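Order-wise, the sequence lines are chains R and Z.
Numbering follows numbering that gives the first Met the number 0, in which position 357 of the first sequence is assigned residue number 356; successive positions increment by one, without gaps.
Numbering follows numbering that gives the first Met the number 0, in which position 219 of the second sequence is assigned residue number 218; successive positions increment by one, without gaps.
Hints may be right or wrong, so weigh each one.
Claimed, not checked - Restraint-style ranges between C-beta atoms, simulated for each label pair: (1) Lys73(R) - Gly364(Z): 21 to 29 angstroms; (2) Arg34(R) - Gly364(Z): 21 to 29 angstroms; (3) Leu299(Z) - Ala427(R): 37 to 45 angstroms; (4) Phe371(Z) - Thr159(R): 24 to 32 angstroms; (5) Thr41(R) - Pro291(Z): 52 to 60 angstroms; (6) Gln192(R) - Glu294(Z): 55 to 63 angstroms; (7) Asp522(Z) - Asn636(R): 50 to 58 angstroms.
As the list claims (entries may be wrong) - Okay, derived cross-link-like pairs now, DSSO-like style, lysine-lysine, Cα gap no bigger than 30 angstroms in a straight line: (8) Lys395(R) - Lys493(Z); (9) Lys208(Z) - Lys529(R); (10) Lys336(R) - Lys426(R); (11) Lys409(R) - Lys118(Z); (12) Lys108(R) - Lys118(Z); (13) Lys139(Z) - Lys434(R); (14) Lys208(Z) - Lys433(R); (15) Lys333(R) - Lys139(Z); (16) Lys493(Z) - Lys433(R); (17) Lys308(Z) - Lys108(R); (18) Lys155(R) - Lys308(Z); (19) Lys416(R) - Lys139(Z); (20) Lys434(R) - Lys222(Z); (21) Lys118(Z) - Lys434(R); (22) Lys591(R) - Lys104(R); (23) Lys485(R) - Lys118(Z).
Quick caveat, the hints were computed from the structure, so don't treat them as lab data.
Treat the numbers as computed from the prediction; the structure is a model and nothing was measured.
Note that CB positions come from ideal geometry on N, CA and C, so glycine has one too.
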Amino acid sequence: MSKFFLAILSALTIGLLTNQSTAVKEQEPLINITRNYHDALTNFELQIDSLVAIANSDNQDNSKVLSIREELKKTRLAFKETEMLFNYFDPYGIGKQINGAPLSKIEPKVSEINVLEPKGLQILDELIFSEDAFNEMDKIILLCHSLKQAFSQMKKHQLTIIINHRQVFEASREELNRLFTLGLTGFDTPGSQHAIAEAIVSLKSVQFAMEQYYPLIEDKGNRAISFNLYGLFEIGKEMLEKAENFNSFDRFSFLNKVVNPLYQQIRKAHLDLGIETIDETPLKQSAINYEAENLFDQNYLNPNFYSNLNLNEQTLAKRAALGKLLFFDPVLSKDNKMSCASCHDPARAFTDGLEKSISNNGEKKLKRNAPTLINAVYAEKYFYDLRESTFERQVKHVVLDHDEFDTDFKQIALKLKGSKTYTDLFKAAFEEDKKYELSSWSISNAISAYVSSLNSFNSTFDQYMRYEIPSIDPAVKKGFNLFMGKAGCGTCHFAPTFSGLIPPLYEESESEVLGVPESLEDQSIIDSDKGRYSNKLPTDVADIFLHSFKTTTVRNVELTGPYMHNGIFQNLEEVLDFYNAGGGAGRGMELKNQTLPESPLNLTAMEQADIITFMKSLTDNPFKDDIPESLPAFENNNALNNRY
Amino acid sequence: MKKTLLLYSLLLVFVKLNAQRVFDLSIDIPRGFSPNEVVIPESPLSLQVLFIGGVDMVETVPTYGNPSTSVPAKESHDFIGFTPDETDESLGWVSVNHEMIFADDHIGDGGGMTSFRVKRNQDGTLEILDQTLNDGRTGKFFNVDFVNTVGETGMNCGGINSPDGRIWTAEEWLRTSNPSIYGGGLSIRDTNDFVINSDIQEWNNVTLKKYQNFNWMVEVDPKQAKAIRKQYNWGRQAFEGGAINDNAQFVWLGVDATPCFFGMFVAQVPGDFTRGTLFVYKHDKPGYNWVPIWEDGAMLNHRDYAIAKGATMFNRIEWVTMDPITTDIYFSETGRDNPGFLWSNENEAGAQHHPYHLQRAKDLGLESPNDFNYTDYYGRIWKYDVRADKVEVYLEGGPYYDVSPTEGAYPENHLSNPDGLNTILIGGKSFLVIQEDLIGTSHGRMPAGISNRMCEMYLLDLSIQEPSLNDLIRIGIVPRGAEITGARQTPDGKSLLVNAQHPSSLNPFPYNHSLTFAIHGLDKLSANDLRSEIKFRKQNELEDAQEFYLYPNPATRIVHFKNIRDVALYNAQGQRILVKRKTKSLNISSLDPGIYYVQNEKGENIKLVIQ
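Based on the provided sequences and hints, a complete structural model is requested.
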């Protein structure tokens, strides 16, 4: 009896032990990462306490400013140790309370306009490192207290999260993106520019996470991956440690030699370990394709996330082909003269070369400059004034506008019914939705399918970043480094779209107040266009959006002049001049809410030329000759057949 | 020594981590296991699209000098009303709110409403009937005429559906000046003074500034698709929802603002809402917990009078509904991240905090809800017990911080920012339908690492006295990612009409639009089935169930596990298609019929046959 019992017991124990030893080995990375994360959170909390203590101190002279500066630097570094997982787990909580951009925002989902003032480490960085820090001390103290209160609540939640493998890999790649696009550009540290030291901490936190997986990777017999990871982290740290200062750091090489290769290798490790990817989980829909190996991959961002089209390839192709005909067909407008292409000419990367586009009767200037449509899909909101949040509904604005198509969908559908080619194409492209085969929806949907296909990340610069071409003009490299560093361009024109689409989630689009002048003669007079403030969205009628405009892409900027919402600048030199002077306010404009720093950038003529060379390396218009050979015929209306 | 310590600490954390398995990329099905088989029958519920915003055409009346025509309907669907047909020609009329502001030459500026008439077909689906209205309009969908009756409306959010089928639409868009409604000529173009023509005596022929003609409850006639009256006698407030009692004499009113007040209007004659008394709730008032608001000018400045009279403050009340069985009133308080600044002045001016918020502030280590750092991330459901004349919390949102959910556990037991609220009857029992509208994704409102908004719809059995979040029954059949609102049961009990308000690319056309659709088959559900699911879940909290067991609910299309699991789902070929960690359930509504295998972290398998 007892023998039998013992036998069972030992069998059980052995069974348990073997099971557990593989299980324990698989758990070990998570145990260490979790413990390390919890330590980092505690450390950050203690550091916030020290910051609050200094803020509270009675010290009334300027030495308080100096000591609080030192303490804030430490607090930010302590935050950076938590950032990889903390920001991954609660990005919007952090944006609001811990490390959001120092810009006012409008509270979402309420019926009145409520301006939320920025809180957290970024606004503290800006205030504490400003010349005016001493006089801002009351505000600084309040913000420090608020940081403490917010973090103590958030920490409790973070401690309960059970981290899994997939999240570690996603968070690691996200942190790589963040440390490059937001950290090293100085976005994160608007006052101190302490970006390099912070990037070292960020990179080390990714390294720590990945190191925990080296034994498992080796077990899989793939030592090369762990060696590659190890080597890349070492190179990265060395490059950062050797950097002389913020302005001189070679971001181009860091991206090319460290960030992108790590981005690729981490995914390799992830897949090699057999850990599930985001695409296998039920909840998340991400703007980023996890499959992308490089920040400059053609498919880095997922157009579907923005376009809302969600179609299989075949249907998308059918609809895009139909949409292309509609795009070039003036039959959509009331008098059959104007088409989408009238203002969006593929030869000019879908712009028209005019300051402001011309109305349907040819007599009037429209309100604004025609923006490029290449990569236009990658945005949270559309139009210069961000008035439309649905990609597909953009068409409606053009159709109804009295100065543009001046008609409605009912009229367009009626006309299109007079063409057998069109009705057949609609039938084929919308066969699953017969009831709405030719409707406002199908017309908008087809055009949107076409416009959403106008994507390209295949410029010389992209190709070099993907290691597809062996060399690139050294001026491009210099220009990129200035763009992402000293000149501050990359803190609004974020990589890789170089537009206002904010990394690393790419879910929100920014607008900025620049102080664009009405004329070149007197640049202290602001253009009368109120921009986002007058976009008719009830929640945008706020002073912070007065003269605020969407941050457009600088991709293809070589082809899309003149520049700005009113086309005021004829060439890129004038644009650079404008920014170098600190925008409108920098040129003496009375403008309280300018979001661009008004201090001059002090760029030399050579530096400005290099930035322009870099921007020109982003020229990429594979669609320039891709126009329909002919437009469909109208059997019963011969007059229409002479429409082009 | 060091080694032992390390081992010990490993074990400690190990327990907490609960062994996460890296699931094999594929499994070899025939070898080595004869799994339990669970068969999930076809869902008794089915979906039918009724009305797509921006696509379906509505018939308009002559407006702003433009002739009667048909144009694409407005979008952003929110509230749904249902007016039963007393004849047997049809089931009744559906009315749908458009929560937007848009200048439109034909529909009219501002927001709007669409109505249509439906009939129940033999096969259980609904058919939208052709109608000719008294004003000569012919078609299926009709724009409710506000411009030529009571003046434009703005942001038509929630509303009221009285038990006898009368409909009010709520104007949430609180404006303070004419320029603020003009919106550069793109919102409300006519800002001339407005002369009221009303059956409310004291308001007839009164002249208002145009902006003052917004933010009222507005009664509409869905059968003739025109507005009847703005309820100037219910006060000018950022209305969101309301409920009316059985004999049409009491109206309870919800207002979406911080602070806001819970309102009540009592008609002098049942069914006649042109005369009566308006009250606000005041929890500390001796006798009836209500104070009347009646002074000259009080209707236009309702808020100031409510504050002066020390009314009880809430943090964004959304929808209000009545339990048809007990006649108790329920309303959602959606919450707001940092309300402190928004109600501190009002508190000093006399308005009172509810003891519940005072206690919450204490629990957060703060002196008062006025504190800059007072937070209310999740919101809650309140109950107004009609007999006890008392407002108390019925179900708190969350859970809060230290018990906040992990990714997998999120959907079945987390309630964030309840908004739409309605009651429905299943098998003679009343259930609350709770619809979330997330105001943010931070602080655990979405699972860690998930930033996009996902709004859930839940059922809650109203016979439960002190419900917890575990009593919520999630409806899995709703298209993923669509923010669901409106939920209105048809009078024959068979269908739930709902709106998908915001487009989402998670869904194919037309579910990526603002649309109204029906969930048919409610009559095939049983209250007992729904309750047994909760029972199953609660049972397993108590016992430490080690066995891998799965409880399918064919109606809600969710399968539940006995305890928290990591699971991988494999298809018939044995390929891994889905992994969910730390979960107690799996939503199978998007899976095609077929054979699947579910494996847990111990490698145990269950065969899942979805019919």
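May I ask which of the numbered hints given earlier this structure violates, with the numbers listed in increasing order?
-> Numbers 3, 8, 12, 14, 18 and 23, in rising order.
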